[in-house]
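Undergrad: Residue strings, one per chain:
2 protein chains.
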Amino acid sequence: MAEEVLLFSTWPSIYGRRVEMALKLKGIEYKYIEEDLTNKSPSLLKYNPVHKKIPVLVHNGKPVAESLVILEYIDETWKNHPILPKHPYERANTRFWAKFIDEKCLPAILKACWGEDRKEREKAVEELSKLLQFLENELKGKRFFGGETIGLLDIAANMIGYWLGIFEEASGVSELLTREKFPKLFIWANEFVSKTSTGTPNLKGMLYLPRDGG
Amino acid sequence: MAEEVLLFSTWPSIYGRRVEMALKLKGIEYKYIEEDLTNKSPSLLKYNPVHKKIPVLVHNGKPVAESLVILEYIDETWKNHPILPKHPYERANTRFWAKFIDEKCLPAILKACWGEDRKEREKAVEELSKLLQFLENELKGKRFFGGETIGLLDIAANMIGYWLGIFEEASGVSELLTREKFPKLFIWANEFVSKTSTGTPNLKGMLYLPRDGG
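Chains as they are written, first to last, in the numbering used here: chain A, 1 to 214; chain B, 1 to 214.
Any copy, or any two copies together, can satisfy a pair, since identical chains are not distinguished.
Quick list of in silico lysine to aspartate or glutamate cross-link-like pairs, EDC-like style, CA-CA up to 16 angstroms:
{"no.": "1", "residue 1": "Lys-86", "residue 2": "Glu-76"}
{"no.": "2", "residue 1": "Lys-86", "residue 2": "Asp-75"}
{"no.": "3", "residue 1": "Lys-130", "residue 2": "Glu-180"}
{"no.": "4", "residue 1": "Lys-62", "residue 2": "Glu-90"}
{"no.": "5", "residue 1": "Lys-52", "residue 2": "Glu-103"}
{"no.": "6", "residue 1": "Lys-26", "residue 2": "Asp-75"}
{"no.": "7", "residue 1": "Lys-184", "residue 2": "Glu-148"}
Calculated from the structure, these hints are not laboratory results.
Between the sequences and the hints, there should be enough to build the whole structure, so can you do that?
TA: Structure, rendered in structure tokens:
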């Protein structure tokens, strides 16, 4: 039987983009199905009845949901170009930081961008500055979080990569997130964006962090 | 070199208990270090500088934090008595439901037990009833979530196992979480508790869900 790989997503979703990146890195052919989150399809509701969220990967009829879970599934199913390290300790570190990005960094980015008022936004940027320092340290001596090649943690950090680039463009937004303060993250962000964007990326689109994805 | 396995935890923590269960299931010798969360030790702060939370497993000097990450690390490091299934699809399902328990069920249990007022608590119990229905369905045709033996998802669901037992004892608390409505979960909870508790478990203690664990 020929493999059938479907991806239910919505184009600006960073969670959906994670899955697309992994599929593309591994050269897996898939059919992309764009979801309208204001009018979810019966297929999405059938495949992800628990969260009713994108992305959902459907492999030979079997659905997998939650972007980080999907990334591990892809890595275990298609062994070429591994995105998780081999050693259990490094694998644990990768999972730890991916969770950190989802649970700590992304909420802070949300607040930094769309906080209710300037005070809340500035506080979030300050918080983010502390969080990014951890990631800056993680890049020590490495080109990507995954080492010499893009791995699961780079993919999980996609939002940070694209977002830092924008922050730099919009100079004056904050002095806390400068290239001087996070030199490794800025170099990583540039290289990550140039390696993963196809054509001219719509950076503003990438900033959209739907609460309906996961 | 002899293996050195340390576990920093605090006895009532369901997150710490998860790690203990996995270590015991696999027969791994470890040294338990009780943390006082009101006065965290320099070791805990050194080993988990990001979250400053228990549990932390330190294996030959290398720390791993976050209970679900630790469980995967243990399973990849000590191969006997696997707690994750073999097939990628089943592994993905296990990870999906473990995440569901942490992100959906545990917050609902917190609110059901310590909600500000009766209205909030009742609403949480109602929400929990919907969530538990998903887990009830997952047990279809199975003795444990892990199949014939206790696996990662059973361990992740430890709070639910102990908590359902208490709920049943405290009859009249809610008609939404009855043995009639969740027969499989109740049978599972009884068997899980009897298999995992050592001596007389302090069930009230198990209800303590510290915000300082993860």
